[in-house]
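Line by line, the protein sequences give chains F and A. Per numbering that gives the first Met the number 0, residue 0 is the first one in the first sequence, and the count goes up by one each step. Per numbering that gives the first Met the number 0, residue 0 is the first one in the second sequence, and the count goes up by one each step.
What the hints contain is simulated information worked out from the structure, not anything from laboratory work. All figures in this text were calculated on a predicted structure; none of them were measured in a lab. There could be a bad hint or two in this list.
Unchecked claim - So the derived label-pair ranges between C-beta atoms look like this: (1) 325(F) - 222(A): 50 to 56 Å; (2) 734(F) - 28(A): 27 to 33 Å; (3) 28(A) - 635(F): 32 to 38 Å; (4) 23(F) - 90(A): 40 to 46 Å; (5) 295(F) - 222(A): 35 to 41 Å; (6) 143(A) - 295(F): 50 to 56 Å; (7) 287(F) - 186(A): 32 to 38 Å.
All C-beta atoms in this analysis are idealised placements derived from N, C-alpha and C, irrespective of residue type, glycine included.
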Amino acid sequence: MRRGVSDLLLGARLAATGGTDSRLRAGLTAIGVGFGVALLLFAASVPNMIGAHEARSQARMPKLASAAHASLYEYQADTSFRANDITVLVLQQAGPDPPLPPGLSRIPAPGQMLVSPALEHLLQASGGTELARRLHARVSGTIGERGLNGPAELFAYVGAAGLRRHGGVGVRGFGHQLVQSGHSPLITLLVIMMVVALLLPVGVFVATASRFGSEQRNSRLAALRLLGLDRSGTARVASGEALFGAAGGVALGVIGFVLILRPLVPHTDIAGVSVFAQDVNPSPGLTVLALLLVPVAAVAFALLAMRQVAIEPLGVSRRGRPPRRRLVWRLATPGLGFLLLATLVGAGGRLASAGGEIEASAGIVLVLVGVCALLPWLVEAAVLRADGGPVAWLLAVRRLRLDHGTSGRVVGAIGLAVAGAIALQTVFSGADHARYVSLPASQRGLVQIGNMIVPGADAERLVAGRLRSVHGVLDSYVIGTGRQSVTVASCSTIVEFTGTSACGPQSSYVVSGFGSSLRPGQLIRLPGRSLRVPAGARRVSLLPALAPEFVVQNFYAGSLVLTPGAAARLGVSAHTLAAIVRLSPAAGADDRLRDAVARIDPLAEVTDVSAGMSPRDLTIAKLRRILTAGAVAVLLVIGASLLVSVIEQLRERRRVLAVMSAFGTRASTLAASVLWQTALPVLLGLTLAIVLGAALGAVLMEIAGLPVSFDWGSVALLAGAGVAVVAAVTGLTLPILLRQISPEALRAE
Amino acid sequence: MTAHALASDAGAGGRSGSGIPLLACHELVKSFGATHALNGASLELAAGEIVAVMGPSGSGKSTLLHCAAGILIPDAGEVVFDGTSIGAASDARRSELRRTRFGFVFQFGRLVPELSCVENVSLPLRLSGVKSREASRRAGEWLERLEVTDVAGKIPGEVSGGQGQRVAVARALVTGPRVVFADEPTGALDSLNGERVMQLLTTAARETAAAVVLVTHEARVAAYADREVIVRDGRTRGA
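All chains should be built: construct the whole structure from the sequences, respecting the hints.
What follows is the structure in structure tokens.
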């Protein structure tokens, strides 16, 4: 035991005092480990970040009260300004001591608003007055951090009157606890895969960094062997050396997380989602795991690398031909992953359970790790069959034959990242495709406006006129929405949305369709009165292009639709007005329409049907942006790994390179051999990644119940990015290669 | 006849029958920072002649060899090969010379570890544009001459030091060089293997009329040479 500790300490001392190479290796290991630790600490914070986000959302969720007894009314009137979604909650004090939402010290008076700092900044920016005018309120203060989900949230509490008429709800307090419905299977799958795809390349970087300068380390260990150190002692000294770098990395990672990553988080806004620094707290259990796992991994990688050489008292020799790699377990890894995922196909509900999540995580991890496992075998199989060709090719192929594991591992990270990204892009593409299919051409550009209260007998005509005068509005259809399921609409609107050709001044219709039970002659109850559906009401259907979820209030299957004349005859008046507007894709049309609607009724609801984004779709959009940022970060990490790996290979081979240069080998031949040596595994890796990534994406789409479609453009882009990384790495290592074969280097040999 | 006697017989030495040396180094000066490695060293080598360059460690032996082979450019002085100064030649020209006219043997063989022994020997031929099959055939012949046919398909990590050094000698001679530069060719071998390597090297060199510059500090090895040149403090004696 004492001997073991002494060997470990000796290793650490050698790392610290063993010269430039030792310190460089320790430094690189520290950077790799530090990067991994910081990233893992961040990943360990994600559960708390999600928890804090949900807690903040729930803290401002209203506890409803009957309107008669409420001292506060609330009405949601979200808007959008220059493609920024803004949450707007309109408040109206209705009695003494109203409950205060978190982050507020008072309820804003009518015409005043309290805004989040991010919204205040937006209002101060160019165009901000336009938005303030739209909200009919001036800023009178800001919302405290307690009342916001994140620092970049665009949020406003606007004071107003007359909320009850608009359907404002009575509030008795805030902090309503919602029963969590859990994430959709698709979101769960995406998050799992992104974490795996981001973290595994960091592991590869740690492995590569811990091998840097290993030749010099091995020579030193051989010298210690001569002095009497046995094989296990050698391993302990090497472990001590690796631990020295890893310990530095842990410190670096913790410092990086606390001083850099955590303070950076509040400044990061992905699709409007942001997090306060105080919410970025790693879970204690996961933190301990990360702090232990990464250094242990660094030591394990260093020891694994030593298996390729024999460190004997008289020197270090590379072991002869490496043993052939076994295919069975390498194929079994992705195979088992696909098998696990296959059991989830058609069982989307099971995915939401804890067991399902574990099964999906394991499946995805196994498939992605399968890329790393299969690649060294694939490279080996390829180089064993590749022979002949020019000298540069021969040198590269033979080098890979002797030591394909190193390149295979590093390139495996590219393969893993590309496979993960392709699978994700396939899922995104499928999700987009599904949404696109549900949105026919007839609905593109449609915006629906609801809950407009406009006094006057000719309100409909007035609203229609105002909407049509907005630059960019192509068509508008205004309907009156009565109590319950009664709609008042002009003949032109009825014809447009039902396809009927028969419409007169006194016409009435019942809209049939899924779940429709209304029939002519039936008595329907309205507040304070009853109404008999006219016996002559025609049955009509909404055009199939109009999916029910996108149709303006009350104009849906099961509703009674009356022309204005028929409504007047039956004594029915519209409670509120609604409209469907078709917008041109011209820039700014959406903002102009919202401004116009705000002038008609500031509390009207405007929904962009053509965007057609459900909350789930929005989450996918956020994840897509995270993926792009993540892919860039991963490619940088992998590029750094490749660079370190190639530099290390050049350093290891400096004697051979010098000798080859001595007997007249052209620099271009040596450069080409380095390029082939890097490019061959990358080409194989990308091919494997595309095949497995597309297959994984297809299986995930089946699990999520979405149609399978591939985005080949993204595939080509990612493959191209991988090749670009290799080209950049080769270019960056060329000066080192040229230095190795310069006369000065030859002299040193 | 001893090597020293041979050197004495050669007199000014290193001259071919026509009186023009194959390789001549005149008053070479070479410094590395503040270290003066060569300080007016000279060397002449006749075609087919074997010259041992001797001297203590750090005396400038290897630097003289590197300058003579066109690996290093001297700060002053001139290196003339076959009547042409190579000091002013371009890097490409000097590389071509090393590829086609010179051969090299280093202390540890320095074989390319990922290539088999026969591929290592055929490599200089391949670099000179000889087709793969022909290069392999000629490499096989040289391996046979140096009695290492049995390791032809093995990689350097799988052969002994003596075998590896014989493969290195084959690699140096396979292109039919005019001059072989051997830097401590037996430095890493036991005496028995060292003797065998020197016998094979000198015999093969004589058979192909290749001149040899043999850097060594072992008198036993120097005894294989026609004459000795002593290097001390960057200056030569007996050149």
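List of violated hint numbers, smallest to largest = The structure conflicts with hints 3, 4, 5, 7, although it agrees with all the remaining ones.
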